[in-house]
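Chemist: Using the hints provided, position chain R relative to the given structure of chain A.
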Amino acid sequence: MDLIIMNVIHSRNHTMKPLSSLLSFTLLGLLSFQLHADWSGNITMQDRYFIDDAKYSSQYDNYLSLSSDIEFYKALDDESSINITPFFRIDQHDEERTHGDLREMYYQQTFDTWELRLGISKVYWGVTESQHLVDVINQTDSIESSDGEDKLGQPMIKASFEKDWGTVDVFVLPYFRERTFQGIEGRPRTSLVVDTDQVSYESSDEEKNIDYALRWFQFIGDLEIGLSYFNGTSREPLFTLGNNNGSAVLTPYYPLMQQAGLDAQLTTEEWLWKLEVIARDWQVFNNTNTQLIDQSFIALTGGFEYTFVGIADSDADLGLVTEYLYDDRNKQASSLFQNDLLVGLRLAMNDIQSSEALLGVIYDLDYQEYLISLEASRRFANSWTATLEVRTFNKIDNESLLNNLAKDDFIQLDVAYHF
Amino acid sequence: MKNTLILKKLIGSLVLLSCLSPVIATANDEARGLEIATEADRRETGFVDSTAQMVMELKNKQGQSSSREVRSKILEVIGDGDKSLSIFDTPADIKGTASLNYSHALKPDEQWLYLPALKRVKRISSKNKSGPFMGSEFAYEDISSQEIEKYTYKYIKDEVLNGIDCFVVERYPAYKHSGYTRQVAWINKQEYRAEKIDFYDRKNSLLKTLTYTGYQKYLDKFWRADVMHMINHQTGKSTTLTWSNYQFKTGLTDKDFNRNSLKRAK
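Heads up: the protein sequence lines correspond to chains A and R, in order.
According to our numbering, the stretch in the first sequence is residues 2 to 420, in order.
According to our numbering, the stretch in the second sequence is residues 31 to 296, in order.
FYI, nobody ran anything at the bench for these hints, they're computed from the structure.
One should not assume that every hint holds.
[Unchecked claim] In silico lysine to any residue, SDA-like type, Cα no more than 20 Å apart, as pairs:
id: 1; chain 1: R; residue 1: K149; chain 2: A; residue 2: T111
id: 2; chain 1: R; residue 1: K125; chain 2: A; residue 2: W40
id: 3; chain 1: A; residue 1: K75; chain 2: R; residue 2: N290
id: 4; chain 1: R; residue 1: K267; chain 2: A; residue 2: A382
id: 5; chain 1: R; residue 1: K296; chain 2: A; residue 2: Y125
id: 6; chain 1: R; residue 1: K149; chain 2: A; residue 2: F218
id: 7; chain 1: R; residue 1: K149; chain 2: A; residue 2: Y108
id: 8; chain 1: R; residue 1: K149; chain 2: A; residue 2: L215
id: 9; chain 1: R; residue 1: K137; chain 2: A; residue 2: F220
Just chain A, same shape as in the assembly:
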């Protein structure tokens, strides 16, 4: 479910991996195809139309873009494999959104009792739908989508041990990826751009700080439970005011943090009960932005999904999703979701075209503002899919962070060819 606006900020000049390196990976994929390796992917045309006129003269009302994901996979033998997944997008207007990333490029080896992964990869932790608190290994590619579910590839050494008492994953993360932000032409964005060239870090090693993480996961009957610990540079930036050639900008600052996380899901017949809790220690700016002060906080997402199966004597299932989002920093929270409620409906037609729709409303109980998100998708002609997305930002008062987005309601259509 993609409901969340993880990022309400945008930026200007940030350069990603040059296209030339991407092309060489694509070429590698093509060459290996002749060696009977497996590859797959998609080419997607996207049109994003903003309902209101742009707030800033640098912006547009309609954005066309083209993107592609290509996954190349090769088993070297029964126990080892390599996986390379380049991604790129070309955007009609936003230079920042024209970007590429190596989502994955890793070597994996499976031993009798453990597994080793070396390289760039993606890891997902957690169970809830509205936000992903526990999921901290990969940086968010927030320029891709505002829901926080698109992630940048993370360089890692990952070892997994499977025991009777659970699975333990140990991570060493030797290189930090900065979050992506919209360019000055981009939408949706806030008034001030994020100048990623002026990035700063708490760690003196900056992006080369070595981060560590540990996770234990087990299922006990119908309960699945995970405990995690992260020590390193926060994927979530803080912002300070800066300037670039006389223009006010936001500059991202990445503090160090320690975070413990719990995620659990209890599954009974038609009920899924979900909980994610994090406790984080880090240093943030004080109210006057003059010094760093210690901050500890707890945030959680908890709720349920109830599914009505075979509604009205059809094959369709209708799910009711409800989650409560809380952050004990209240209005001081760096997240938008300090006291919010998600109510959503998920419809799965269970038909040949895999038609699905998801409607969600996140209501802020403190600020009386709400986000509406609708996503609907279906397959056509075997290899094609169409996905419609609508997001609106409503009843936003002046105090709110979302105020920046008030005029950024949009309708988006993705048409993808899969191979």
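Modeler: For chain R alone, kept in the frame of chain A given last:
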């Protein structure tokens, strides 16, 4: 007079007998039905594990079709439903999606989905055993492992089906959320394998018919049909599963059927 009395007694006992006989016959038929199911199960026991490839062809009433390709791995679990792992190769948009299923006789299956784009393993609600598998005419409960406890049985009659001597056995799902009131199965008398099954919906109307063709024997013991054809009489839609490349006793273990193996599935 005397003769009349005897006649009356005779008639009386005949009446009594004829009243009793359906009861006796029913109890016998149930025992017989269970016996047939038990023998079929006995013959199916011991395959340990298997892997196979499957092409699923979906057709609607107008004859338009679409297809899916799935690779499957099954681990036999003695005393419970089997564990299975399915990896989807087509349609291309769900390529790499994998589904892990621990089937159970009377309680809901445990089911996980791996979504490759998000790298996310999701435990999903599996109450809906009666729901369609990948938009096909096969429900989840039709393709999951067949355990004796999943039904109660009743032997109906012997019948020759396409030249094959069969037992006709009715079975009644024990799972309370099953989509069926009953199934009528034609069981090959010699091999104790299903040749045809009629499915009756919750209103007890004929819903679907499944026919098995191209049976092949593996490891000199286990029968697997190359083709399973399901037609939905109420909608005119049909689904054909074509199986190939069956392998048995490939050395799969529990570790190939857990959450981590789901992420590794390729």
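Chemist: For every hint, state whether the structure bears it out.
Modeler: Against the structure, the hints come out as follows:
Pair hint K149(R) plus T111(A) holds up; C-alpha atoms about 18 Å apart against a cutoff of 20 Å. For the given pair, K125(R) sits about 10 Å from W40(A) by alpha-carbon distance, which is consistent with the 20 Å threshold. As the CA atoms of K75(A) and N290(R) are separated by approximately 19 Å, the hinted pair is consistent with the 20 Å bound. Between K267(R) and A382(A) the CA atoms are separated by roughly 18 Å; this keeps the pair inside 20 Å, and the hint holds.
For a cut-off of 20 Å, the pair hint linking K296(R) to Y125(A) stands: about 18 Å separates their Cα positions. As the CA atoms of K149(R) and F218(A) are separated by approximately 16 Å, the hinted pair is consistent with the 20 Å bound. The hinted pair formed by K149(R) and Y108(A) meets the criterion: a straight-line CA distance of about 16 Å does not exceed 20 Å. With a C-alpha separation of about 18 Å, the suggested pairing of K149(R) with L215(A) holds against the 20 Å cut-off.
For the hint linking K137(R) to F220(A), the alpha-carbon distance of about 18 Å falls within 20 Å, and the restraint holds.
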